[in-house]
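A.B. asks: Using the sequences and the hints given, assemble the complete structure.
There are 2 protein chains.
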Amino acid sequence: MSHNKYHVIQDEPHRWRNIEELVYKDEDGAATFKDVTRRVLFGEDHVDGMEVRYFEVDAGGHTTLEKHEHTHLVIPIKGKGACLVGDEVLPLAMHDLVYVPSWAWHQFRADENEVFGFLCLVKVERDRPTLPTQDELNEMKSNPAVANFIRHQ
Amino acid sequence: MSHNKYHVIQDEPHRWRNIEELVYKDEDGAATFKDVTRRVLFGEDHVDGMEVRYFEVDAGGHTTLEKHEHTHLVIPIKGKGACLVGDEVLPLAMHDLVYVPSWAWHQFRADENEVFGFLCLVKVERDRPTLPTQDELNEMKSNPAVANFIRHQ
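Protein chains in written order, with our numbering: chain Y, 191 to 343; chain R, 191 to 343.
If you are wondering where the hints come from, they were derived from the structure by calculation, not from laboratory data. This structure is a prediction, so every number in the text was calculated from the model and none was measured. Take the hints with a grain of salt, since some may be wrong.
As the list makes no split between identical chains, a pair holds if one copy fits it or if it spans any two.
[As the list claims (entries may be wrong)] The calculated DSS-like cross-link candidates involving lysine-lysine, where the alpha carbons are at most 30 angstroms apart (straight line), are: (1) Lys268 to Lys195; (2) Lys268 to Lys257; (3) Lys331 to Lys195; (4) Lys257 to Lys313; (5) Lys224 to Lys331.
C.D. replies: Structure (structure tokens):
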């Protein structure tokens with residue numbers, strides 16, 4: 191067994207030793223997502239100010255539709271899903287990579303019959319997400335592909 | 191087909207669309223490694239000054255034994271191997287994570303019968319690696335586990 195705090199061991203697929211499952215969001219916005227869990231693989235004392243998280247979205251579930259100044263680097267490692275980034279809907283599968291730039295609207299969804307899991311790198315020091323206003327939602331929905339994709343309450 | 195430059199698509203396992211295979215190192219040190227290829231998945235105009243590379247080490251191969259100021263975040267995504275980090279030898283397999291701190295000696299090896307592939311995140315702006323002097327090698331080799339693991343010419 192390794193006692194190196196910089197060594198995170200996957201004991202079974204998509205489950206890591208001494209890494210607990212967390213709720214996706216502790217704060218507000220519980221109505222904005224569906225069936226998402228979170229695990230922090232590398233936290234704040236690691237990796238030059240970067241955090242590495244693993245999110246798992248159950249079949250049919252989705253993360254919050256949001257934007258913020260900080261960026262995401264996302265690497266799917268389980269199942270299939272898709273994401274909105276800005277005004278594009280991108281299919282995502284194992285070992286693809288996608289980058290979410292500053293202030294791009296984004297949302298991740300699992301396919302209907304697939305649990306979708308992905309690593310997500312962020313800065314430790316980061317701003318809080320912003321949810322869309324009704325005007326912003328209306329503007330997003332003027333794009334049929336986006337309107338069809340997004341889930342928001 | 192996606193034309194989003196922030197979307198990198200894995201077309202077949204561990205091979206990505208429009209991402210070419212590169213030699214592991216262009217510069218000096220060709221005698222210091224064995225059977226390693228490199229692919230740059232996200233390069234210098236991405237991810238807040240971070241690069242994401244994929245390295246693949248053929249069965250029995252190894253990267254260069256080296257150290258530097260910049261750090262690595264490594265995520266194995268194919269096969270099995272091991273690494274030296276500082277004075278520890280750590281086994282590595284699919285979806286483990288390991289962080290290489292500044293100035294830690296490190297080397298990655300594939301198992302004898304396994305191609306070993308891993309993602310490695312680094313800063314775009316980074317220093318050149320330093321190779322061990324004979325004195326440093328001798329000191330490393332005073333630890334039997336390290337002596338047994340490292341490969342260096």
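A.B. asks: Could you work out which earlier hints the structure fails to respect and list their numbers in ascending sequence?
C.D. replies: Going through the list in order, the structure violates no hint and respects every one.
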